[in-house]
Amino acid sequence: MQMIYDDNWVLSVGTFLPMLGVLVLLITPKANEAAIKLVALITSIATVVVGAFTLFSFNFDKAGSMQFVAEAEWIPLIKSTYFIGVDGISLPLYLLSMVITLLVVIYSLDHVPSPGNPKAFFILMLILQTGMAGTFIAQDLILFFVFFELVLLPMFFMIGVWGGEQRQYASLKFFLYTMFGSALMLVAFLAIFFKTGAESFSIPYLVENGAGIAKNVQVWIFAGMFVGFAVKVPMFPFHTWLPDAHTQAPTQGSVILAAVLLKLGTYGFVRIAIPMLPDAALEWAPWIGGLAVIGIIYGALGCLAQTDMKRLIAFSSVAHMGFVMLGISTLTSFGVNAAVFGMVAHGLITGMLFFIAGSVKERYHTLEINKLGGMLTQAPRLGWILGLCTMASLGLPGLAGFWGEFPAILSAYNPADGLNVTVYRVYMVIAAIGTVLAAGYLLWLYQRTAFGTPKGGDHEEIHDVTTREWLAWVPMLVAIVVFGVVPNLLFSIIDPAVQETLRAFGG
Amino acid sequence: MTLSLTLAAGWVAPTIDYHALAPEIVLAIGLTVVLLVDLFTTERNKWLLSVLTGFSLLGAVLPVLTLMLHDNSVRSLFDGRYVVDEFSLVMKGLFLLAGYVIVLLSTSHVEEGDYWRGEYWFLLLSSLLGMMMMASARDLVSVFVALEFLSIPAYMLAAWRKRDVKSNEAGVKYFLLGVFASAVMLYGMSMLYGVANSTLLIDIGKSIDLDGAFGAVQALAIVFVVVGFAFKVSAVPFHTWAPDTYEGAPTPVTAFLSVASKAAGFTALVVMVLTAFPEGRDVWQPFIWGLSALTMTVGNLFALRQTNFVRMIAYSSVSQGGFVLMPLAVAGGPAGESALRAVVVYLLVYAATNLGMFAVILAVSRKTRSGEISSLGGLFSYAPAMGVLLTLFLASLAGIPPLGGWIGKFSAFQALLTDATPWAYVLAIIGAVNSVIAFGYYGNIMREVWMRPVPHGDTTPIVTPSSIQIALGITAVVTLLFGILPGIVLRFGEMAELLGAFGG
Chain F
1 MQMIYDDNWV LSVGTFLPML GVLVLLITPK ANEAAIKLVA LITSIATVVV
51 GAFTLFSFNF DKAGSMQFVA EAEWIPLIKS TYFIGVDGIS LPLYLLSMVI
101 TLLVVIYSLD HVPSPGNPKA FFILMLILQT GMAGTFIAQD LILFFVFFEL
151 VLLPMFFMIG VWGGEQRQYA SLKFFLYTMF GSALMLVAFL AIFFKTGAES
201 FSIPYLVENG AGIAKNVQVW IFAGMFVGFA VKVPMFPFHT WLPDAHTQAP
251 TQGSVILAAV LLKLGTYGFV RIAIPMLPDA ALEWAPWIGG LAVIGIIYGA
301 LGCLAQTDMK RLIAFSSVAH MGFVMLGIST LTSFGVNAAV FGMVAHGLIT
351 GMLFFIAGSV KERYHTLEIN KLGGMLTQAP RLGWILGLCT MASLGLPGLA
401 GFWGEFPAIL SAYNPADGLN VTVYRVYMVI AAIGTVLAAG YLLWLYQRTA
451 FGTPKGGDHE EIHDVTTREW LAWVPMLVAI VVFGVVPNLL FSIIDPAVQE
501 TLRAFGG
Chain P
508 MTLSLTLAAG WVAPTIDYHA LAPEIVLAIG LTVVLLVDLF TTERNKWLLS
558 VLTGFSLLGA VLPVLTLMLH DNSVRSLFDG RYVVDEFSLV MKGLFLLAGY
608 VIVLLSTSHV EEGDYWRGEY WFLLLSSLLG MMMMASARDL VSVFVALEFL
658 SIPAYMLAAW RKRDVKSNEA GVKYFLLGVF ASAVMLYGMS MLYGVANSTL
708 LIDIGKSIDL DGAFGAVQAL AIVFVVVGFA FKVSAVPFHT WAPDTYEGAP
758 TPVTAFLSVA SKAAGFTALV VMVLTAFPEG RDVWQPFIWG LSALTMTVGN
808 LFALRQTNFV RMIAYSSVSQ GGFVLMPLAV AGGPAGESAL RAVVVYLLVY
858 AATNLGMFAV ILAVSRKTRS GEISSLGGLF SYAPAMGVLL TLFLASLAGI
908 PPLGGWIGKF SAFQALLTDA TPWAYVLAII GAVNSVIAFG YYGNIMREVW
958 MRPVPHGDTT PIVTPSSIQI ALGITAVVTL LFGILPGIVL RFGEMAELLG
1008 AFGG
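Residue numbers (our numbering), protein chains in the order written: chain F, 1 to 507; chain P, 508 to 1011.
Bear in mind the hints are in silico, worked out from the structure with no lab data behind them.
Errors might be hidden in some of the hints.
Stated by the list, open to error - Pulled a few chain F residues facing chain P out of the computed Cβ check, cut under 7 Å:
id: 1; residue: V161
id: 2; residue: F194
id: 3; residue: W287
id: 4; residue: G290
id: 5; residue: I294
id: 6; residue: I297
id: 7; residue: L301
It should be emphasised that the depicted structure is a prediction, and the values quoted were computed from it without experimental measurement.
We treat Cβ as the ideally placed atom computed from N, Cα and C, and that holds for glycine.
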């Protein structure tokens, strides 16, 4: 893989800038909430500015190469280096994490969830941002692992302190699942390190050399990584932490979780597990595809059974990530392209849905679907935004969701050489049925919440979308539409990097 | 009569390398001074004792540093019975600095406890001196003397709160089981002497050879010695003293036992298995493998059930001991050097983290006067700094990057995977699963600190004595530094070459 070392400071600054904000916040007095919010806002704006600079200096003609690469000594004794860079797969996700954090900060300016304490809340959010961004740029397995784990504690506290009634249970469950996965993942990382001659933890190096490992060993190492990433995605049957975590998390936590954290898992498959262990990937792919379609159907059926709006959106994540994983499991550039697009699209759409759920909860003081209704008459703008997002989520052409879902299904028609075509065509049919179910539960949700007449007499003060909410939401809505209309904006960056990644499978 | 005269005539005084012994000498002087000053000071001036103790520990660090920087890295005294190599220096540094932090933790506790202050400091220093000797002892006799030297003051320290029944129980239990362990070990040592006809560890290492007559006696001797140290490091099933002792002993003493005393036990265990019976690996490797798996798992499962904080820490420290044993289970094979490094790294990180946690507990319990986990409820809301520090230390113990603990766990896994045998892989998986279970109780405390209400709504601020603040500062900085720049602690691990191990 080609390395471009220009502007090698950009990524480090973009990643660690939030930590500077954390330091400033630490010395800001707790009582001065205005100053705290200002610092958090400035930090996240500055981060996005650095991100924008990264985007504009990115060499789009070489999206398949690592760019802004920086290497520095870190832990020489275990041959791990501070090695970072972005290519066309990392860049959209790296920027997504920055933008989502900024929007969540804007949303939080007047929505700090109970029990308050904005200082701690924003500190955790900024630490989270560093962890997320770092995971997408790390080109060294140990560095990846450190960033991957860095997001755990802030999220644990975000759910556990600012969450709903079952928050303590949900936060611990979230943590234990993820930690179980990452413990096995670390063992797998060490195993691949030793099996490639204990030379380096560098991801490009291991991609070069991992293929040389004997197939039966590869399968075992892949198993360790699989558990680590699959818990994070989450894939059926490791998904049970997700509905609890999402439902109990504060709006901000749900948005970040859905928009970025879940992508750490799928990104891990695309960046690490599959290119490093191609033989094992071929061996595992049908199983991954199978679990993915089970996830699609299971998630959809779960959605149909939900009575809580937020829990429904959470289950729809299981289904959507199923499409992403199905795309990845085909091991074709077509499928992986769809998957990476799906990651971004799901981040925007489901993030947006959780924002709406938060605002609905704030207005109606409930998320019970039975008690909602008539949103279009009470808060028409909110209702229309919800409409747009449900349409996007069910994969309506012209909106971003379509380009993640449809190509992923299509890619299963023709999986990579060495995979059983019949099996994948069955998957394709099941996944297609999944889209019908998705339309079913999303439209039903929309019908029950937005149509009809308002229920209950105590919601007289329902106000429509506020300015802060517009500020936080418009960028996401615009992105959903723009990527829906001109998907090539993303595909043109992703594709070269995917080609590069899948070289072992003949493209 | 004639015999003794002949012996006396043939005896030549050994040349003593005073530089090599300087740390021990400084400590010996220090503890004598403490004892004397205690005799001649009035109650009001007893605070001087803690200052003197702290200074003698820091004073002993100086020669450790000069020895480390000196070119002549290995100094062998008394025909190789007392060796100052890099491994011993790193461990001595650990004992002295951990001792210093414990002095900081004890100061306010001892001042307010109106018990025998002078004795406390004297016993602490004696036990530390025993540990220093343990790090250098390379002979069955000096190993045993050092072990008793470090243990006996520790028994007394555990029972230091004389009028408290629990403290008495702590001391007696610790004493009885400790003595039992010593006896078992001594029996094993006598067999070793019988086999090797020498008490020098290196000679024993030469005589216990797989090619030669390796029989039941050798195997039994190895097992007995390992069992003896297993008591010391509270490995399951020899851990039963730990929870009661930890709970009953004064909290700073618990910190001392769970950090310094445990590290000393591991030091001796490492020296024994690597220099005295490297060729007996077929006996001790599986044995330690089993101990490690059991210790991690049982320690964790019991810790999950505790409602008392100190008992939970006791079981957590049992289970952490299992993680230190993990690399030792492969130390006889090709992974030997990385296993030794892993043990040293783990002990260094664990010491900083665990001491930090005890510092928080001491500070908080000054207000709450309780050892129950529920007394920590809502700590973050009224003492955010304490809450955050406790969270950092717990996260480090759980092995979450970027806090120190992860590099300890990482090194241990690394050693296992270097060995690359199926047994090593299985142990690595057991370790991985256990590190998740461990978060069950570490996370429970975090939950208490961050998410639960304050008991009785008592949000009066915590007044932390400056000595504990310093201790908190030191341990927090070290824990973070080891985690973010693990190169530092790994370098100590790399440096720690053990004379006589790996054919060196």
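Quick rundown of the hints versus the structure:
Restraint check, F:V161 versus chain P: the minimum CB separation of about 5 Å is within 7 Å; hint holds. The beta carbon of F:F194 is positioned within 7 Å of a beta carbon in chain P (closest approach about 5 Å), and the interface hint is therefore held. Residue-level restraint check for F:W287 is violated (minimum Cβ-Cβ distance to chain P is 20 Å; threshold 7 Å). For F:G290, the suggested interface contact is broken, since its CB lies about 25 Å from the closest CB of chain P, more than 7 Å.
Among the interface hints, the one on F:I294 is violated; its C-beta lies about 25 Å from the nearest C-beta in chain P, farther than the 7 Å criterion. A cut of 7 Å between beta carbons decides the hint on F:I297: the least distance to chain P is about 29 Å, and the hint is violated. Proximity of F:L301 to chain P is violated relative to the hint, the smallest CB-CB distance being about 30 Å (cut-off 7 Å).
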